[in-house]
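Novice: Use the sequences and the hints to build the structure in full.
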Amino acid sequence: EEEAYRRGWLQWLTVSWASPWVARWGNAFQTAVDKVKLLDLPQLGLREWQAKECGDQFERLWAAEVRAAGAAEASLVNVMVKLWTKKVLWYATAAQAGRIFVTQLYVVILIEQSLNYFYWLQGYVHEHGDLPNMVVPIVVCIGTFSSLPLLNTLFFSISSALSNRMDQQLLGGVSVALFK
Numbered sequence: 501e502e503e504a505y506r507r508g509w510l511q512w513l514t515v516s517w518a519s520p521w522v523a524r525w526g527n528a529f530q531t532a533v534d535k536v537k538l539l540d541l542p543q544l545g546l547r548e549w550q551a552k553e554c555g556d557q558f559e560r561l562w563a564a565e566v567r568a569a570g571a572a573e574a575s576l577v578n579v580m581v582k583l584w585t586k587k588v589l590w591y592a593t594a595a596q597a598g599r600i601f602v603t604q605l606y607v608v609i610l611i612e613q614s615l616n617y618f619y620w621l622q623g624y625v626h627e628h629g630d631l632p633n634m635v636v637p638i639v640v641c642i643g644t645f646s647s648l649p650l651l652n653t654l655f656f657s658i659s660s661a662l663s664n665r666m667d668q669q670l671l672g673g674v675s676v677a678l679f680k
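With my numbering, letter number 2 in the sequence shown gets 502, and the count goes up by one each step, no holes.
Please keep in mind that the hints were generated in silico from the structure rather than gathered at the bench.
Worth double-checking, as some hints may not be accurate.
In silico DSS-like links for lysine-lysine, alpha-carbon gap of 27 angstroms or less [as the list claims (entries may be wrong)]:
#1 Lys-586 - Lys-552
#2 Lys-552 - Lys-582
#3 Lys-587 - Lys-552
Specialist: Next comes the structure, spelled out in structure tokens:
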């Protein structure tokens, strides 16, 4: 395994991770003879995000909703909010709001401030005949415009991680609850 890692991470991944799975369970050409069981697969993520735990939690929340509102008035939306918690929903909303702020308002503010600076610079050159020291304005300009893709990446990553977690909880929970 160490030798494979020294050759490269892709080789290490296929030798130490994928190869034992293929050796144990077969490959895609032998799908009829695969005997993969849920307990054979390694756990990915936290335990409470796993399908079985989400299914148990979904069933408990659904039963409580049916008891509280009645079978005819039970709401899947109420169960989803309880499954995800208001804190996670607030984080997802804040990440989306930050992304919208960055992609919509931040760009407009940057362009407006850039134009204001260029108008000031034009007046300065007209009045003094030469340019002022441009080192600080250029560094600030590079920093502010470079921060835009970094902020977008940050907000998209947070948003994606939260929505994947929410999907995993809901879909895992509902599918286990339905097909038990």
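Novice: Look at each hint and say if it fits the structure.
Specialist: A quick look at each hint next to the structure:
1. Lys-586 - Lys-552: At roughly 22 angstroms apart (the allowed maximum being 27 angstroms), Lys-552 and Lys-586 satisfy the hint.
2. Lys-552 - Lys-582: holds (17 angstroms)
3. Lys-587 - Lys-552: OK: Lys-587 and Lys-552 at ~23 angstroms, within 27 angstroms.
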